[in-house]
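These protein sequence lines map, in sequence, to chains A and B.
Going left to right, the first sequence walks through residues 1 to 120 as the numbering used here numbers them.
Going left to right, the second sequence walks through residues 1 to 186 as the numbering used here numbers them.
You can trust all of the hints, since none of them are fake.
Derived contacts from chain B toward chain A, CB cut-off under 7 Å, selection only:
no., residue
1, G12
2, G19
3, V22
4, A31
5, L35
6, L42
7, D45
8, F46
9, I61
10, L87
11, L105
12, T106
13, W137
14, L144
Each pair of labels, with its calculated beta carbon distance range:
no., chain 1, residue 1, chain 2, residue 2, range
15, B, I163, A, R53, 48 to 54 Å
16, B, S136, A, P98, 44 to 50 Å
17, B, V138, A, E74, 21 to 27 Å
The hints are simulated quantities; they were obtained by calculation from the structure and are not laboratory data.
Using N, Cα and C, we set each Cβ at its ideal position, and we do this for glycine too.
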Amino acid sequence: MRPVIPYVTAALLFGLGVFGVLRRRNAVLVLMSVELMLNAVNLILVTADTTARAVLPHSGQVFALFVIVLAAAEIGVGLAIVLQLYRLRATVAVDDVPLTEPPEPVGGREPAVLDTEAGR
Amino acid sequence: MTGADVLLLALGAVAVGAGVLVVTTKHLVRAGLYLVVCLGALAGDFLVLSAELVAWVQVLIYVGAVVVLLLFAVMLTRAPIGVSDDLDRPGWPAALIGGGAGLGLTVLLVDAYRWGAVTLPRAGTAERLGEQIFQSWVLPFEVLSVLLLSALVGAIVLSRPDIGRAAPRSDDRAADLVDSEPGRRR
Numbered sequence: 001m002r003p004v005i006p007y008v009t010a011a012l013l014f015g016l017g018v019f020g021v022l023r024r025r026n027a028v029l030v031l032m033s034v035e036l037m038l039n040a041v042n043l044i045l046v047t048a049d050t051t052a053r054a055v056l057p058h059s060g061q062v063f064a065l066f067v068i069v070l071a072a073a074e075i076g077v078g079l080a081i082v083l084q085l086y087r088l089r090a091t092v093a094v095d096d097v098p099l100t101e102p103p104e105p106v107g108g109r110e111p112a113v114l115d116t117e118a119g120r
Numbered sequence: 001m002t003g004a005d006v007l008l009l010a011l012g013a014v015a016v017g018a019g020v021l022v023v024t025t026k027h028l029v030r031a032g033l034y035l036v037v038c039l040g041a042l043a044g045d046f047l048v049l050s051a052e053l054v055a056w057v058q059v060l061i062y063v064g065a066v067v068v069l070l071l072f073a074v075m076l077t078r079a080p081i082g083v084s085d086d087l088d089r090p091g092w093p094a095a096l097i098g099g100g101a102g103l104g105l106t107v108l109l110v111d112a113y114r115w116g117a118v119t120l121p122r123a124g125t126a127e128r129l130g131e132q133i134f135q136s137w138v139l140p141f142e143v144l145s146v147l148l149l150s151a152l153v154g155a156i157v158l159s160r161p162d163i164g165r166a167a168p169r170s171d172d173r174a175a176d177l178v179d180s181e182p183g184r185r186r
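Looking at chain B on its own, in the form it has when it is part of the complex:
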C-alpha cells in the first residue's frame, strides 16, 4: 500500500459515509450539507487520481453551484428546519435494489481488477485536457453548449406558467383597460 492507496481509502470511506448520511438523514438541510462532504471527498479522490482539472471543476460546479441550488430549492419549498418524519417510503424494495446494484457492481469490479496496481499517467492539467477537448472532442463540446442553452430556456419556460397563454391574457387585460378607461374618465 502506497500513500496514494491510503489516501484513496480514507477519501473513499469519507465519501461513502457521507453518502449513507445523505440518503438516510431525517434533516433536509443536513442532507445537502452531507452532500457537500461527499462531493468534496470525491474531488480529493480525483486529485489523487491525477485528474487536476476535473477535481477543480467538481469543486466549482458541484460544491459551488449544484449544492447551493439544491439548498435554494429546499428553502423555496418551505421545508421544515428540524427533523421531518415523512421523508421516506417503507424501504425494503429500495434496500434490495440499491444494495443489489451496489454489491453486484462491487463484486464485478473486484473480480475484474483484483489487487493489481497501475502507475498513474501524466496529470490531467488544464492544458492537456484543453488540447484534447478542442482537438478530438470539439463536436461533443459544441453539442453540449447547445444542450446547456436549451436546458436554460426550458427551465425559464417551466418556471413561468404564463408564457404558454400570454396572448389571451393580454387580450383580457386590454379589454379590462378599455372597459375601465371610460369609468375613470367619468
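For reference, chain A alone in the conformation it holds in the complex:
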C-alpha cells in the first residue's frame, strides 16, 4: 500500500475545504466546507495509523473517532446558530452580518422577528 495516495487525497480535500470556507456566502455551505476539512484530517489520521509505529496500537483510528464526535457536536451548535441567524435576519449570507454592530436594546430584537414574519 502506498501511503502517499491517501495523503495527497487528504491534502487536496483540505485545500478544497479552505477554498469553500473563504468562497461561499451561504452559511450552510460554509459548514459543509468545514466538514470537508475535518474529513481530510480524519483521512490523514487513519493513514498515519498505517505508516507511523506508535507506542499504542490504533491511536490514529481512535483519534479519528474522536474527531468525528467533535464534528457532530460542531455541526449541531453551528446549525443552531445558522437557524437563529435566519430567524433574526431572514438571510444566511455570512457577509451580510455586520461585525461592528452597536449593541441593540432588548426591545430591538422584536422588529427584526416581525420583519421575518412579514417576509413570509
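Once you have looked at the hints, place chain B on chain A.
What follows is chain B alone, placed relative to chain A:
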C-alpha cells in the same frame, strides 16, 4: 501497484471530484448530495486502509446524521431549489489561499513519503479499537461525552431565545392574566 493502491486511487479521485463539486456547484441541495458521495468515498478509503470501525462510524454519523442535518438546515432556511447565483463571493483570494494550502500540503507529504510502500497493520475492528479506547483513552472519551452534552444544551439554549428572559415574560403574562380575569367575569 497493488489492488489496494488502485482502489485508493479510484476512491480518492471520486472523493476529490465530489469535493470540487461541493464547493463549486450552484445548487444548494446538490452540494449536500455531492457531500454524501465525497464522505462515502472516504469511508471506502478507510475500509481499504484497514480501519473498519472508523469506516462504519463514518457512514453512520456523517452520511446518516450530519448530511441529513445539513439538508434540514438547507430546507429550514428556505433555500431555493434551483440554481442560485448569490452563493459565491468573488473568489481570487479564496482560490489563492485554498490552492496554496492544498498544494503546499501535497508537496510536503509527497516529499515526505515519496513512492514508498508499507504493509497494512492488523485491521482496526471494533474489538481492538474498543480495547484501546477503554484502556488507554478512557479520560478523553469521558471528556468527549461531557462536551457532547454541553453542545446539546448549548444548541437548545441557542435555538430558544425566550430562555434568557423567561422571568420578565412570565410576569407580563401573569399581569395580563390578572388584568383580563375581572374583564371576563364582568
